[in-house]
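Spelled out from the first residue to the last, the chains are:
Protein chains: 2
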Amino acid sequence: MPSHAEEPRGGLTIVGLGPGRREYMTARALKAIAAAEYVIGNASYLEPLGPLLAGKNVIRSSMGKEVERAQQAIDLARSHAVAIVSGGDAGVYGMASIVLEVLENSGAAVDVEVIPGVTAANAAASRVGSPLSGDFAVISLSDLLTPLEVIEQRLDAVFSVGIPVVLYNPKSRGRPHNFALAVSHARKYLAASTPVAIVKNALRDGEEIIITTLGEAEKCEGTVDMHSTVIIGGSESRIWRRGENVKGIITPRGYHRKYVY
Amino acid sequence: MPSHAEEPRGGLTIVGLGPGRREYMTARALKAIAAAEYVIGNASYLEPLGPLLAGKNVIRSSMGKEVERAQQAIDLARSHAVAIVSGGDAGVYGMASIVLEVLENSGAAVDVEVIPGVTAANAAASRVGSPLSGDFAVISLSDLLTPLEVIEQRLDAVFSVGIPVVLYNPKSRGRPHNFALAVSHARKYLAASTPVAIVKNALRDGEEIIITTLGEAEKCEGTVDMHSTVIIGGSESRIWRRGENVKGIITPRGYHRKYVY
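For the protein sequence lines, the chains are U and G, in the order given.
Residue numbers for the first sequence follow our numbering, beginning at 15 and rising by one.
Residue numbers for the second sequence follow our numbering, beginning at 15 and rising by one.
Certain hints may be false.
It does not matter which identical chain is used: a pair holds within one copy or between any two.
Here are the computed lysine to aspartate or glutamate pairs in the EDC-like style, where the Cα-Cα straight-line distance is at most 16 Å [said to hold, decoys possible]: (1) K261 with D125; (2) K202 with E232; (3) K45 with E118; (4) K79 with E163; (5) K202 with D219.
Since the hints were made in silico from the structure, they are not lab data.
The following block holds chain U by itself, in its conformation from the complex:
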């Protein structure tokens, strides 16, 4: 007869893995993976975990099967330790909401913990200076789950008050023109000189960074893809230089209004 301590004890962690590389994961995220019997997630997020997955049941899922993945995770978590992983932060365009919704509907008495991670907005921003130093907004250009006219209203609202805007899912095969559409909304409110950063694979292999301006951004449409995060600066954002070289974007916090430096 197994002792009490050996009885299977279920539980679910919803883990944000950050931009990708192990060094940008938190110790708490790694611990949750280590403690899991089952690890569920997209193959691209699981790959950097490498040897951490040895001896575990690994369920590689693909985009567009989020509801099934959530149901499967909850079923398994009734009697097993399950970690379901998202890139970035699981609470931002990740698996947290659908898992919690399905859990609520199921009535299953499963312990659940959401473990935050470094989201793509912060990972991308760190690679181009400090574009999000103050207020900002995060908007996805994917119209799979949100109607395009709602996305456009949100873009107008946030651009109209001049705060920097981070665009997630800026382009995909199904919506090749959404990036240009977002730029055209920005141009209604912001100068052509407003800086724009396109960060592809931030802090992952294949990282690529383009610093441009709203006036020139459309020319970069070809380089924007589904692995890109785009940051459109606000009315106070400017190019950040070191000597003659463009290094990124700074959105000053406003110290210049109070101090001389």
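Given the coordinates of chain U, work out where chain G should sit on it, guided by the hints.
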């Protein structure tokens, strides 16, 4: 004569430490601290680093001296490895922008790296379900560096399109009424039943969580302080229940519009 490898080599890392506890820091952040000869930051952020600071020059600074702290960090970084730390993500209401601005003006040839961390929006959200699952905005209620009328315009814009809004610096001794002011702006656009989370000391000692609604939020004004992050749900956000118990907030991503679950 020192060998080449022993020559002092300067450099600056601007490090986001996440919500506070060591387990929510990234390995990259901890490595930067370990490699630093000088570590500069507010005492409250440095405290969790404990033994990691042994043998280092530690410069504890206080709020409101950010410009001096940035200048000091850059001067030291010409010939020493310096880490300047912020809570959360250094690029969000943290030290990154002012350090990069001062560096740009100084012309100093100092290598600099911004290391992202888990920002308070994501840390607080993870404690109350999944309130930021889709688009959202981050607005600080501190009017030290941004005029209050600009903050109010931004609040109107983001509340008017029904996206969840994270309020940083929701209250302090100098501005006791800004939380109630933000709630009154939200009420112009959102139902009284819209969920609100007040998360004090997210993922730190002394954590306290209140789930309420816009209609009731003003009654909670007394519990909001400068260590709190407030999340005001959007038009699609709702209370998340387990059985009879209120557990947090979910903002559905929209799967319910495409799938039955």
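Results of checking the hints against the structure:
no.: 1; hint: K261 with D125; in the structure: between (46 Å within a copy, 12 Å between copies)
no.: 2; hint: K202 with E232; in the structure: within (15 Å within a copy, 36 Å between copies)
no.: 3; hint: K45 with E118; in the structure: neither (26 Å within a copy, 40 Å between copies)
no.: 4; hint: K79 with E163; in the structure: neither (25 Å within a copy, 45 Å between copies)
no.: 5; hint: K202 with D219; in the structure: neither (35 Å within a copy, 46 Å between copies)
Checked against the numbered hints above, the structure breaks hints 3, 4 and 5 and satisfies the rest.
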